[in-house]
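Construct the entire structure; sequences and hints are all you get.
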Amino acid sequence: MGNVGAVFMFEWKRSLTLPRMAWWLVLAGFPIFIIGVIRFSINASMRENGLPDPTPRELWIGFLFALGPMLVTMLGTMLWVTPALSAELERRSWVYLSVRPNGGTAVLVGKYLAAVTWVIPPVLLGLAVAVPLSGASNGWQIWWTMARLVLLSTPAYAAVYLLLGTIMPRRGMVLAVGYSLLFELVISFVPAVINKLTVHHRLQALLLQWCELDIPPEFMSGAISLIGNTPPWQHVAILLLYPPVLVTASIGILRACEFSSSAESDV
Amino acid sequence: MTALIELVEITKDYGRFRALDNVSLKIESGITGLLGPNGAGKTTLIKVLLGLVRTTSGHGRLLNFELGRQSREIRANVGYMPEDDCYLHGMTGVDCVQFVAQLSQIPATEALRRAHEILDFCGLAQERYRTVETYSTGMRQKLRFAQAIVHDPPVLILDEPTSGLDPEERQVMLNRIRLLARDHGKAVLLCTHILPDVQSISDSVVILARGKVQVSDSLVELSRPATPSLEVRLLGNEDRFVDAIRGRGIKIDRRPGGGVVLMGLPDQLAADVWQAAQIANVGVRSMTPSQNSLEEIFLNAVRGGGASD
Chain H
1 MGNVGAVFMF EWKRSLTLPR MAWWLVLAGF PIFIIGVIRF SINASMRENG
51 LPDPTPRELW IGFLFALGPM LVTMLGTMLW VTPALSAELE RRSWVYLSVR
101 PNGGTAVLVG KYLAAVTWVI PPVLLGLAVA VPLSGASNGW QIWWTMARLV
151 LLSTPAYAAV YLLLGTIMPR RGMVLAVGYS LLFELVISFV PAVINKLTVH
201 HRLQALLLQW CELDIPPEFM SGAISLIGNT PPWQHVAILL LYPPVLVTAS
251 IGILRACEFS SSAESDV
Chain F
1 MTALIELVEI TKDYGRFRAL DNVSLKIESG ITGLLGPNGA GKTTLIKVLL
51 GLVRTTSGHG RLLNFELGRQ SREIRANVGY MPEDDCYLHG MTGVDCVQFV
101 AQLSQIPATE ALRRAHEILD FCGLAQERYR TVETYSTGMR QKLRFAQAIV
151 HDPPVLILDE PTSGLDPEER QVMLNRIRLL ARDHGKAVLL CTHILPDVQS
201 ISDSVVILAR GKVQVSDSLV ELSRPATPSL EVRLLGNEDR FVDAIRGRGI
251 KIDRRPGGGV VLMGLPDQLA ADVWQAAQIA NVGVRSMTPS QNSLEEIFLN
301 AVRGGGASD
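Those protein sequence lines, which keep their order, are chains H and F. Using our numbering, the first residue of the first sequence is number 1, and each one after it goes up by one. Using our numbering, the first residue of the second sequence is number 1, and each one after it goes up by one.
Hint data in this document are derived by calculation from the structure and do not stem from the laboratory. Each residue gets a CB set at the ideal place from its N, CA and C atoms; glycine is no exception. Possibly wrong hints are sitting among the right ones.
Said to hold, decoys possible - Computed from the model, here is a short list of chain H residues facing chain F with C-beta under 7 Å:
1) N3
2) A6
3) W24
4) R92
5) R100
6) P101
7) G103
Unchecked claim - Chain F residues, not near chain H, derived (Cβ > 10 Å throughout):
8) L4
9) R75
10) P82
11) D166
12) R170
13) K251
14) R254
15) P256
16) V260
17) A270
Here is the structure:
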């Protein structure tokens with residue numbers, strides 16, 4: 001575990017550079033910016049017509065969910081974790097790290113932990129500003145629900161992207177973007193068994209059950225066919241299983257494959 | 001004596017390409033030069049030893065640890081200096097060395113202490129707080145060497161440790177390697193293209209070509225010519241000396257740049273040389289048993305003239 005800690009500390013130290021701090025602020029600022037733009041454009045339009053704000057609480061929750069536990073979390077973890085292996089292969093530093101006892105495993109796990117702990121704070125901070133900015137009622141309850149979802153989604157998404165980056169290091173980012181668009185944004189909305197494989201499906205189900213949403217009866221059957229009747233604890237348990245299972249799978253792939261250097265012609 | 005590295009019929013294929021072909025090898029402690037032309041299989045052999053690639057067939061041991069099965073133990077006991085120039089961006093020299101020491105499971109404080117000590121030893125004391133991007137090629141070379149030895153491994157695998165160094169630095173680096181082997185008991189596998197480096201510090205040599213071991217023996221044995229001979233350099237008229245030697249029935253070979261090679265056992269020829277020199281009235285400047293140069297040994301091996309020990 002000592003060498004995992006060393007990689008974790010090293011990655012955090014490396015993240016305290018100006019470009020990475022700027023990226024951290026972009027992640028935190030993105031939901032604030034989008035919610036702010038929506039809120040003030042609606043306000044301006046309502047003021048022009050002399051009408052009250054018509055945006056229902058459910059719509060704001062939808063926006064906040066799409067931005068916080070979904071988009072920003074996916075983006076943050078994807079950009080950090082997917083190239084965990086390929087970055088070292090390209091820099092030719094992999095061989096330095098992998099020739100240490102359990103060096104490869106330490107690098108993967110250390111980078112994974114660093115990414116998770118680096119992504120969660122800006123998302124929570126962004127939501128802490130975006131929720132009150134939206135003006136939705138019961139703001140504290142919304143933030144607390146979103147925070148719990150972020151705490152579940154970040155390790156799960158990071159584990160998914162770590163696995164994708166390990167399966168195909170040189171095309172990991174393409175694979176991760178493809179997976180995110182196809183599985184997390186399209187297939188997760190398909191009311192079939194396959195959507196249960198996505199992180200989005202679990203988060204969506206938890207959102208509906210934790211946020212006490214006021215869904216009109218005519219939409220209720222559609223919502224139930226999409227999310228099913230699974231109790232929340234099962235969704236939480238499955239999301240908590242993602243990291244150990246997928247990180248272990250990544251380590252297994254790492255051990256099975258021969259990622260010794262970027263120069264495959266080296267003999 | 002137990003072999004430090006023992007390989008038995010190791011074969012490694014990359015698809016259809018056979019990088020190592022039935023390699024059987026025993027390497028004892030001391031400094032061993034690993035030589036071979038490009039594509040000979042040196043890098044693959046090192047990767048096999050470190051457990052970075054799996055063998056297609058065969059088995060072996062390093063420090064009594066089974067290759068492929070006890071990679072963790074092997075890596076804990078081996079310091080590897082790769083050939084590739086690589087550095088961890090944004091870090092100072094001391095941070096880099098501390099980081100790799102921690103990866104070898106040395107606690108942070110101890111890793112820092114060792115990093116300073118090793119950087120002093122490697123001649124990077126003044127530059128330790130500079131970021132590694134600002135290092136010259138020679139400094140990076142020394143940094144890589146520092147990273148390889150920071151966890152005090154009993155075995156060192158050094159891939160081109162002197163490339164990119166100026167002549168003076170090259171000598172200093174070779175002295176460091178010699179010091180680690182002689183005074184600290186490290187076993188060193190030195191992989192290089194610079195034959196004089198191997199000649200100057202190695203105890204034994206392994207030459208690979210086309211994935212096969214062509215030569216594996218001690219440098220002393222390899223340097224001994226097939227036909228024993230004595231090389232004599234003279235002061236004075238060489239022709240009279242040659243006549244006098246021929247008169248004693250000894251076969252000779254004259255060197256174009258001056259000097260005479262006498263065929264036969266050096267110990268038995270010495271008396272004849274002194275007597276012939278007296279008759280010819282010439283001075284004997286030097287008298288040394290002839291040796292094969294490493295270059296000759298290498299070229300013979302690569303052209304297919306070598307034989308595995």
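Point to revise | Ascending list of hint numbers which this structure does not respect | key: 3, 9 and 10
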